[in-house]
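**Q** Chain by chain, the residues:
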Amino acid sequence: MERLLEFIKQYKRNRSAVVGFIVVVLLISTAIFAPIVAPYSPDIQNLADRLIPPMWDAKGVSSHVLGTDDFGRDLFSRIIFGSRISLMVGAISVGVSLSFGLVMGIVAAYFGGKTDLFIMRIVDIMLSIPAILLAIVIVSILGPSLFSAMTAIGIVGIPTYARIVRSSVLAEREKEYVIASRINGSSNIRLMFVVILPNCASPIIVQATMGFASAVLEAAGLSFLGLGAQPPTPEWGAMLSDSLQFITTAPWMIFYPGVAIFLTVLSFNLMGDGLMDVLDPKLKDK
Amino acid sequence: PKYGGVLVFGRSGDSVALDPAHVTDGESFYGSTQVYNNLVQFKNGTTVMEPGLATSWDVAKDGLSYVFHLRKGVYFHPTKYYKKRNEFTADDVVFSLKRQFDKTNPYNKIGGSFKYWGAMNMDKIVKDVIKLDKYTVKITLKKPEAPFLSNMAMDFASILSKTYAMDLLKKGKADRLSRYPVGTGPFVLVKWIKDDKMIFSANENYWEGKPYIKKLILKVVPNSSVRAAELKVGSIHVMDFPNPEEIAGLQANPAIKLVKQEGLNVGYLALNEIKVPAFRDVRVRRAINYAINKKAIVKAIYAGFGKPAYAPIPPTMWSYNANIKKFKYNPAKAKELLKEAGYPKLSFELWAMPVSRPYMPNARKVAEAMQADLAKVGVTVKIVSYDWGTYLDKGEHFLDDSCILGWTGDNGDPDNFLNVLLSSNAAKIPASNVAGWKNKDFDALIAKAKVTTDIKERTKLYMKAQEIFADQVPWVTIANSLVVEPIRKSVMNFKLDPMGKRRFNKVWFDK
Amino acid sequence: MNLLEIKNLKTYFYSDAGVNKAVNDISFEIPKGKTVCIVGESGSGKSITSLSIMRLIDPPGKIVDGEVIFEGTDLLKLSDKEMRKVRGRDISMIFQEPMTSLNPSYTVGYQIDEALRLHQKQLNKKQRFEKVVESLELVGIHNPREKYREYPFKLSGGQRQRVMIAIAMACEPKMLIADEPTTALDVTIQAQVLDLMNDLQKKKGTSILFITHDLGVVYQIADEVVVMYKGHIVEKASAKELFADPRHPYTKALLHSIPVPGVTPRKSKLDTVDENVDYLSFPKEIR
Amino acid sequence: MSEIVYEIKNLKKHYEINLGLFKKPKIIKAVNGISFNVKKGEVLSIVGESGCGKSTTAKLILKIEEPTSGQILFEGEDITKLQHHELSEYRKKVQIIFQDPYSSLNPRWKVGSIIGEPLKLNTDMSDKEIKERVLYLMEKVGMHPDWFERYPHQFSGGQRQRIGIARALALNPEVIVCDEPVSALDVSIQAQVLNLLLDLQEEFNLTYIFISHDLSVVEHISDRIVVMYYGDIVELKSVEDLFNNPEADYTKKLLSAIPTIKE
Amino acid sequence: MFSYIVKRLLWTIPTIFGVTLLVFSMVHLTPGDPAAAILGDKANPKSIADLRAQMGLDKPLYEQYFIYIKNLSHGDFGRSANSNEPVISEFSDRFPATVELSMVAMLFAVFLGIGAGIISAVKRYSIFDYGSMFGALAGVSMPVFWLGLVLIYFFSVRLGWLPVSGRLGYEYDIDHITGLYLVDSLLTDNIPAFWDALKHLILPAIALGTIPMAIIARMTRSSMIEVMKEEYIKTARAKGCSRFQVIFIHALRNAMMPVVTIIGLMLGSLFAGAILTETTFSWPGIGKWLVNAVYQRDFPVIQSTTLIIAIIFIIVNFIVDLLYAFINPKIRLS
Ligand SMILES: Nc1ncnc2c1ncn2[C@@H]1O[C@H](COP(=O)(O)OP(=O)(O)OP(=O)(O)O)[C@@H](O)[C@H]1O
Ligand SMILES: Nc1ncnc2c1ncn2[C@@H]1O[C@H](COP(=O)(O)OP(=O)(O)OP(=O)(O)O)[C@@H](O)[C@H]1O
Ligand SMILES: [Mg+2]
Ligand SMILES: [Mg+2]
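Residue numbers (the numbering used here), protein chains in the order written: chain F, 1 to 286; chain X, 1001 to 1511; chain Z, 2001 to 2287; chain V, 3001 to 3263; chain S, 4001 to 4334.
So that you can see chain F by itself, here it is in the shape it has in the complex (with noise of 0.2 angstroms):
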């Protein structure tokens, strides 16, 4: 409790960590409260209406805020289903990358030797292929769709999570409480798990919502590519690349997705780099 309020305490001083944090909690409660928030339903088309710039634009209505897209859909009511889909993308990606990358990393630290080679051997080849081509074979062999995305993306983050809890890990288990706990006869699994594991939360839950970050841009980069979520689906990668052709005639289709992915990401940007300021001071300095 009293580690809490100090948390809160030290995190309050990093102001735009302050914003990072509402604007996510904003986000958060309107992907759970879409359809009380968005006016419209996210598909509901209406081809008479297609094409209405936003509110401000001379030419727009009132009762299309953002305006409408080539179907008539309102613009708005799918930005704010869209939320859903870019949560849930980055929540499973990450859960992935770290309940794969954190079993990895704890055993090749605690373990050492041979496990450890191994183990990373297969962290570096993961890590010689870059990100996002990783991501794209992952799709070409599952199949371009929102899931094999969530997947790739997830299965691309293993190894940076590995990495950092390998490293915290190791230099863990070099400290003599470690030692203490051993000495005392802790069997491996309570070593790993309850005695080091817990000293290391700070690296995994800065990298857990960087990671959260750079998951929603991977997947719409994805989308965007036509490799992650398919139209109709309100995901904003997917509804930029859908918009491409309109660059000119109705930019406001590509204006507005690409604002909400960059909102997103740089508020859970903002919330992580808060985030480290308070738990992992050196990993700042890294």
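Keep in mind the hints are simulated off the structure, nothing from the lab.
As the structure is a prediction and not an experimental result, all values here were calculated from the model.
Ideal Cβ positions, reconstructed from N, Cα and C, are used throughout, including at glycine.
Heads up, a few of these hints could be off.
[Stated by the list, open to error] Selected chain V positions facing chain Z (Cβ under 7 angstroms, derived; list incomplete):
#: 1; residue: N3010
#: 2; residue: H3014
#: 3; residue: I3017
#: 4; residue: N3172
#: 5; residue: E3174
#: 6; residue: D3186
#: 7; residue: V3187
#: 8; residue: S3188
#: 9; residue: A3191
#: 10; residue: Q3192
#: 11; residue: H3220
#: 12; residue: D3249
#: 13; residue: K3253
#: 14; residue: A3257
For this one, chain F is given, so just place chains X, Z, V and S with the ligands on it according to the hints.
**A** This is chains X, Z, V and S with the ligands only, laid out in the frame that chain F set:
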């Protein structure tokens, strides 16, 4: 007309390769057409046949052999990468065609499968290609086939230089054939920068006459908005595939004009008789035809770039019958017919394809419009879609109730539509006649036309067949789309080709 | 005669949590050719005092008040440029961690040479080289000509600390500040380094400000001792007086908390510095 | 007083360091054949310069590392051969206090859990009993019972070291290995810990193996002293003997180097 | 140093081996028959069987892998299922465009990133520091494909300052020497073409360089700050070094070590990031081509491109490590 100038054609994608016998995509043909000629060709902007590298041809009475008399004094152009200037002879014709089916031809194994040869069933048609003398070639067939001549005008039948091919083979560089073309056509390939541009120079000695423009550049600009922007600033002169939304803006530009051409295509809703018993009743089919407001659909979804279709072949095709029965929008009549047939409440699945095609810019939207129209006459439809491969596959196996599909002509022959899409032969799994419609009279007409070589006779037969179609309506024909090409006003005499080629040898600049 | 006089020096650190008065109104003098030691527990402000003299305090720290009079001029009033001339030429400094005090990217020779280049512009390259070699010899490094080209990571801790001293002594400064220069070293090497500093002082007449928390070291080298506690000076005396007669309770506790072989009865209870006592409430003992 | 707890015979520990694919691994002889006894109730100190093998010896005695060769007899039994159950019995009898009071306490655990861990893992005591025992130990090392719920970072170095001592006492060990227990502490705090260690020894009749490089401290606390130099023992004597007539050159050097306050 | 290089080089072998295994297993992990996938909708069973035989899919897996490796060792990366051209020649046609774009983007990122990082670190807590660090965070949060679109919209469509797409205007022609237009135009003394190529590069390079720039800026800043805390900086200052000397002679060199590593790591991802940028700017590099290959399930292309990029990436990292070793005497001299 004036000589000179560089013309830049802005297109949406790059060619895959430049050996037209191996590729199937339009963008590849854009490139190869500039370089190669065929024995026969379509008159610029039409589906009418005219002499190409063959000045004339004789057809045997039984329709089983064609003798082509070749044009003399035509030379393959020397290029940067192949300096020899070889004369065009019968050997080249024999080589170009036989490599596609003669297993002993050294090029039969090179470059992968001959996709179009297979797709057009040429193995079942062509028996042999024989050189009679230096300037005469005889092609013998296994069975009479009226569309054969049209097939010879298709890209896959382009004539390549045998000598060049053999020289490459000797050097062990047979691969280069698809990348460094040497042809007899109006333009000579100078440079091909993948995914960027192809640069051609005019063939000074072109047998049809030297092209007016000096240089032709096919530039790849995938994004249509970007292409439009480039057209506006004049960094391209002819723009391929404009986005319908953009056209109004382009038209308003004083430096730009639009060239239009009705596409050789048709989009339709096939009513699957095999799966849905109700569709076996002609009254139901007619009712559905009455119930759908084609005009409204064409206006809203084709953005005006299409025309309501009534026949199974497009109006630009020879033998098109303009006088067949046309189902005008009439919901009352539809209701009546349905009642009469005993289906006042009908419901079925309506499949909408997931991709956009020239004949169908947005199938889902069309489906939604149809859904609304049909609801008004008491028919409930559920819209279903699968990914493209599955969609086609299921359709071929008659697993749909009804599905939206379409067809673009390959060779300007009505047989390519009527036989492929509506004959009983084509209703066998995997079917291209996805409606599963079988009509003996229709079949008889089509079969006869296929073995008749006289074009007037064939025209009559096809007109008749269209009448049967319009009476029996196995499809709801939806539209023939209009191909629009915005070009700079300074570009003169640019004609669109119904088969989708882009030809520039008659184009000139007016400044 | 005093080389350096510190008068009412105050150096504070500012943070959201408030002001940390790291050095809080201290005054003492460093006589010419003598060694003054500052002792005190960790965090008592020893290092900050020395950095304040060199004007190397970075934000959020600030020298709030006071004077640092070196040969009659107040260093705190000099311009940055003038101050730079004082550093390294008149006053040099060495730090606790020999492992990290040398730049890992440059050779030992380069780093000594740099001091000469900055302050002895009249020397040419060759003369400087000779001087560097000489100073390496002076601090007792064998093969100085070879060692010139070595990178710090190849040297042992004791050798590095010698190099640090060579850098500090290169321009023959009038004063040397040594901030716990031997804490990281083994006792035997510590003894060598202390001897070396003693020798140099004798040869060159350098004044030394020596910071340590090891009273044994103080006993061995100090002329004057300053005892700091929480930013204040609680006792100041000559080394002899201090060890013979510590007056301030904090100093007493500090002295008696260390067992002295042969003096402190073995296994007897030691005196302790009590965390609960506010030693500042006792009067300061300045002698 | 002369009962022998430990008998260490020709103990060796060599580390291999791989320098590269093509180089022979370098062998570091951290401990190179040392032999000595530890008597019950005495304080045996090990001194020597950094890297001479003090901590390695401690690790071997605690069975954190396996020796390369040699024997460690504890109450007559060779501990290098011990297996699971016997090992945990052994560990109840021998504990350690570490050098660094910061890294030796798990920063995520409360003081109560840290001190209670040995009890939890090695006894059948209930949580309540454990808590009682922990509070008792805390009192013994001079800590306030309220601190039970606190985290290590809320304490000063000296207080942290007390937590470590309490943990070492939890299982009522016979021997405690102290690996430089005061060298990371401020001078002003060292005395508190030394006093505490001496008090506890008296109260619980403990045997200490005390590692340090500070000869003044060693002199104050030990009965006998082992002087190590590069993995070997150069001298083993009672305190008085060692300080009055050092024999080995290295010992002499060591003694002359300590800056002591002699009046 | 020599043994370090050899060791480092040997380490890349298992990695490359692993990548080939990964890439090889790709085709076999794909659900369905790869041959059918390549031939598409209109294939008949015979041609599928033919293709299977041609691709060697009828042989046991280990044998297929063996053949695959054998072919690779002869420089045979297979043929594109789509164009039937050797993948390696298709790749090398497009790769220079990607390299040129990546290099220019990297230069942009390195100069601006390091510059901003240094200033931020030196003027810590200043407006510039806050501004540029927020900017850097915004930079890493930027969807590059979107940034590219926005740049096109403003600078090309609205303002008309810069070309909309492509590498070179049609009125220019550059002789192919290296395939890098900037280099080739200079080599052939074709200055107008150089400027035109440069103009075409500006927007895509900014779009592609933004994220690396942001990362480099953050990295430089934190590394600088870290280094500025080091004792040897204090030593330098105590010697009387000026601020400039402290920063550029003592701090920068040490601070650059982690930055160099990260730059190396980013070069690889820059090639990959080019995929998105190229799509936006119709840049005729490997990105667009690769994405098309994925659409068309052209596995030979995907496999080989992945492999080639991975190998390039490994080589680049190797070079960076050498560079790192070179600036770090500890490694250089051991
Ligand atoms: N950069 C800084 N920011 C904030 N406070 C600081 C800073 N540097 C030192 N202090 C504070 O100044 C006080 C004195 O520190 P100083 O380093 O002078 O102690 P010291 O006596 O040298 O201790 P040690 O023996 O541990 O070196 C401490 O309370 C410390 O917390
Ligand atoms: N795990 C290990 N692997 C390799 N070498 C080791 C290992 N542990 C210790 N050593 C080496 O063994 C030697 C003795 O180390 P040890 O830790 O016992 O020294 P020490 O006397 O405790 O020194 P200090 O006073 O610095 O704690 C050293 O040279 C050390 O580098
Ligand atoms: Mg200090
Ligand atoms: Mg040790």
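**Q** All hints are to be evaluated individually against the structure, with a verdict given for each.
**A** Structure-based check of all given hints:
1. For V:N3010, the interface hint is violated, since its Cβ never comes within 7 angstroms of a Cβ in chain Z; the closest pair sits about 27 angstroms apart.
2. For the restraint placing V:H3014 at the interface with chain Z, the shortest Cβ-Cβ distance is roughly 23 angstroms, beyond the 7 angstroms limit, so the hint is violated.
3. For V:I3017, the shortest C-beta to C-beta distance to chain Z is roughly 17 angstroms, which exceeds 7 angstroms, and the interface hint is violated.
4. With a least beta-carbon distance of about 22 angstroms to chain Z, the hint placing V:N3172 at the interface is violated under the 7 angstroms criterion.
5. Hint status for V:E3174: violated, given a least beta-carbon distance of 20 angstroms to chain Z, over 7 angstroms.
6. Proximity of V:D3186 to chain Z holds as hinted, the smallest CB-CB distance being about 5 angstroms (cut-off 7 angstroms).
7. At about 5 angstroms, the closest approach between the beta carbon of V:V3187 and any beta carbon in chain Z falls short of 7 angstroms, and the interface hint on this residue holds.
8. Annotation: interface hint on V:S3188 holds; nearest CB of chain Z at approximately 4 angstroms, less than 7 angstroms.
9. Restraint check, V:A3191 versus chain Z: the minimum CB separation of about 4 angstroms is within 7 angstroms; hint holds.
10. With its C-beta approaching chain Z no nearer than about 5 angstroms, V:Q3192 sits inside the 7 angstroms limit, and its interface hint holds.
11. For the restraint placing V:H3220 at the interface with chain Z, the shortest Cβ-Cβ distance is roughly 3 angstroms, inside the 7 angstroms limit, so the hint holds.
12. Checking V:D3249 against chain Z: minimum C-beta separation of about 12 angstroms lies over 7 angstroms; hint violated.
13. For V:K3253, the interface hint holds, the least distance from its beta-carbon to any beta-carbon of chain Z being 6 angstroms, beneath 7 angstroms.
14. For V:A3257, the interface hint holds, the least distance from its beta-carbon to any beta-carbon of chain Z being 4 angstroms, beneath 7 angstroms.
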